[in-house]
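Asker: Okay, here's what each chain looks like letter by letter:
2 protein chains.
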Amino acid sequence: MSIVDSGPSLNSSVAAFRRFNRVYTRFIGVLDEELLNSGYSLAEARVLYELATRHTPTAKEIAVALGMDPAYLSRILARFEKSSLLKRTTSKKDARSAYLALTQKGKSRFEKLNALSEEQARGILRALPPTGQTNLIGYMSDLERLLAPNAQEGARYVLRPHRPGDMGWVVHREGALYAQEYGFDETFEALVARIVADFLTEFDPKRERCWIAEVNGQNVGHIFLVKHPTEPSTAKLRLLLVEPSARGLRLGSALVEECVNFARAVGYKKITLWTQSILVAAHRIYQKAGFRLVEEQANCKFGKDLVSQTWELELTSGLRKGERQDGRTGRTPTNV
Amino acid sequence: MSIVDSGPSLNSSVAAFRRFNRVYTRFIGVLDEELLNSGYSLAEARVLYELATRHTPTAKEIAVALGMDPAYLSRILARFEKSSLLKRTTSKKDARSAYLALTQKGKSRFEKLNALSEEQARGILRALPPTGQTNLIGYMSDLERLLAPNAQEGARYVLRPHRPGDMGWVVHREGALYAQEYGFDETFEALVARIVADFLTEFDPKRERCWIAEVNGQNVGHIFLVKHPTEPSTAKLRLLLVEPSARGLRLGSALVEECVNFARAVGYKKITLWTQSILVAAHRIYQKAGFRLVEEQANCKFGKDLVSQTWELELTSGLRKGERQDGRTGRTPTNV
DNA sequence: TCATATTGATGGACAATGTCAACTACTTTT
DNA sequence: AAAAGTAGTTGACATTGTCCATCAATATGA
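Top to bottom, those sequences are chains A and B. When we follow my numbering, the leftmost residue of the first sequence carries the number 695, and every step to the right adds one. When we follow my numbering, the leftmost residue of the second sequence carries the number 695, and every step to the right adds one.
Calculated from the structure, these hints are not laboratory results. Accuracy of the hints is not assured; some may be wrong.
Below, in silico cross-link-like pairs of lysine-lysine (BS3-like), each with a Cα-Cα straight-line distance of 30 Å or less [unchecked claim]:
| no. | chain 1 | residue 1 | chain 2 | residue 2 |
| --- | --- | --- | --- | --- |
| 1 | A | K900 | A | K799 |
| 2 | B | K995 | B | K964 |
| 3 | B | K930 | B | K964 |
| 4 | A | K998 | B | K900 |
| 5 | B | K998 | A | K921 |
| 6 | A | K806 | A | K776 |
| 7 | B | K995 | A | K900 |
| 8 | A | K921 | B | K995 |
| 9 | A | K995 | B | K900 |
| 10 | B | K754 | A | K900 |
| 11 | B | K982 | B | K964 |
| 12 | B | K921 | A | K998 |
| 13 | B | K998 | A | K995 |
| 14 | B | K799 | B | K754 |
The calculated label-pair distances, taken between Cβ atoms and stated as ranges, are [to be verified]:
| no. | chain 1 | residue 1 | chain 2 | residue 2 | range |
| --- | --- | --- | --- | --- | --- |
| 15 | A | G997 | B | R944 | 31 to 41 Å |
| 16 | A | G997 | B | K900 | 18 to 28 Å |
| 17 | B | T895 | A | L853 | 27 to 37 Å |
No residue lacks a Cβ here, since even glycine has one placed at the ideal position from N, Cα and C.
Please work from the sequences and hints to get the whole structure.
Answerer: Structure below.
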């Protein structure tokens, strides 16, 4: 067929790109159709959304945001005002424009519409298997980032304690990621499984903790702080991981910092951690947090020749959160 | 802000999903706007596209594909015919419908439009760095696959052996699902973690196996067959799970059948399994596969009062795949 | 076999959606 | 202070899409 491109990869990328646009146009069309039962047209619904989510916008602002004809918008706004969903206040700075704000009634109408759309989205997400859900959201935010690189602010992470299923997820990601990036074999995944099993069965909430990092409701990283098996005043930091998709958020440092603060708060005198020499990105994080490399040892593990390392951080020095031991800041430790 | 949901993670997934839809709606809008200089309306362009890429479609076919009002389509087609872009041939099978085909002129018009859209796509892709390009296309086709799962096939599953990361996934889903549906506590997840750790470290490929079920590339179920710890001629079936999203595909039976066939093939005489009385759906599957309940025992596990069960299947009877021991078929076992 | 749906396609009427250009009332620039 | 520009509005109008009724052909079934 002559329409279908042939040849090298840009062409087939173009074809894939266009096909996706067709499919997604259709998909959005179906979503929108369902929302049309709400009594508002699509254009109205979008305007309502912008009105509700912005702080006293002007008409211009909304027209630009939605790529909408100002005349058309003007009429929609007039309609909203007439049915008292909207109040306009003429700007004092520029008497030509007016600040727009929803009335109580307008807000409640929006809430209804919003709930409808949310319910719809929820339905779609629930119909997918959990990995499908995670992937969907992941791909979407990746795409979004590629298409609108400026509006990045959406990527804020949240740290939370572990929940049922999280330990399995930890094993899953450690196993998959280290196999993919460093060729570790399945004995590594088995080791992680044992570590988390022990963590769960011997968990001491007062002196141990796991943090899970989420972005957009998806797990993107984790870290553990556990008691040292023999030394009561020493804690072990374990299983630090940050998903490739979440790199660049300083999430690794945030996780380590969280651990160190907790360890200090519950009275540990020292934190040790065990890692591999090839995990260079992690070393920078440990270093910045004040850990020092104290031991190296070559060994053959996880199907690879590796050099394992032990790092330590003394907590007795009176250093506070944010201060460094690596000498890169000029500040001297002060009192506690 | 009152629109932004708070609370558990499905909500923030929903928010991400909706945000993406807004962003992409806008993006497609911009793309479409540019194409409007071609002299054809959006609807016309889409119809033209369908006409060009299908083999002598009927109007119905196109209306369905585009989710379009048949009357509206009818008018567009009439316009096309009038400007001789289109030829209609009344069907001999059904004189109500007509086969549609572009004329030479129609094809050339389409080519122009197509070239325009292709140029546009090319422009967008070229503006991205090469990795961005690859990623974009990758994310798009992944998304597509998730949203429009293989239409003609329906939901077909694939069974495959385990890969790195799969054991973690097993723990994750067992932990999350049993916590959610039956309120099991974290000791259950710990138990599963130990089981899979042992499976990995003592794995005997000749006599043991794990099957992972996939639908659309997403894990949706699993099962394990392992050696009995003491009886060499006995196998243990473990960790059968089917995701809620994949129920109704007879996946559970397929997984058990796979296990039983494998056990028979490598010479086991008996399969036992350990389960809980509350897992009723699974029992039907075991029963259908010929297992019999041989023992029940009340105990307190996983934070619940439970009755655990042992089921057995004898493999010595010469039964073959597909035959039953429950007497529901009239067939008598034949030779093997 | 004959009455009764059902289906594919179309036309009329009409509502909704969107566009263009002109205009008002202001603000900024020079 | 004139000229140019901007936010918002209005009228006229074209486009786009929807609903309903209808027609002819076909399928269904007592």
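Asker: None of the hints should be skipped; say for each whether it holds.
Answerer: Here is what the structure says about each hint:
Under the criterion of a C-alpha separation no larger than 30 Å, the hint pairing K900 (chain A) with K799 (chain A) is inconsistent with the structure, at around 49 Å. Restraint check: the Cα-Cα separation between K995 (chain B) and K964 (chain B) comes to about 27 Å, which is no more than 30 Å; the hinted pair holds. With a C-alpha separation of about 9 Å, the suggested pairing of K930 (chain B) with K964 (chain B) holds against the 30 Å cut-off. Pair hint K998 (chain A) plus K900 (chain B) holds up; C-alpha atoms about 25 Å apart against a cutoff of 30 Å.
Distance hint between K998 (chain B) and K921 (chain A) is fulfilled; the C-alpha atoms sit about 29 Å from each other, no more than 30 Å. Under the criterion of a C-alpha separation no larger than 30 Å, the hint pairing K806 (chain A) with K776 (chain A) is consistent with the structure, at around 20 Å. Under the criterion of a C-alpha separation no larger than 30 Å, the hint pairing K995 (chain B) with K900 (chain A) is consistent with the structure, at around 24 Å. Among the hinted pairs, K921 (chain A) with K995 (chain B) is consistent with the structure: their alpha-carbon atoms are about 26 Å apart, no more than 30 Å.
Annotation: proposed proximity of K995 (chain A) to K900 (chain B) holds, straight-line Cα distance about 24 Å (limit 30 Å). With a CA separation close to 67 Å, the supplied pair K754 (chain B) and K900 (chain A) exceeds the 30 Å bound. The hinted pair formed by K982 (chain B) and K964 (chain B) meets the criterion: a straight-line CA distance of about 16 Å does not exceed 30 Å. The suggested pairing of K921 (chain B) with K998 (chain A) holds, with an alpha-carbon distance near 29 Å, which does not exceed 30 Å.
Taking the CA atoms of K998 (chain B) and K995 (chain A), the gap is near 39 Å; set against the 30 Å cutoff, the hint is violated. Restraint check for K799 (chain B) and K754 (chain B): the C-alpha separation of about 23 Å stays at or below 30 Å, so the hint holds. Separation of G997 (chain A) from R944 (chain B) is about 37 Å and conforms to the stated range, judged on CB atoms against 31 to 41 Å. In this structure the hint that G997 (chain A) and K900 (chain B) lie 18 to 28 Å apart at CB holds, the actual value being about 20 Å.
Here the CB-CB span from T895 (chain B) to L853 (chain A) is close to 32 Å, well matched to the stated 27 to 37 Å.
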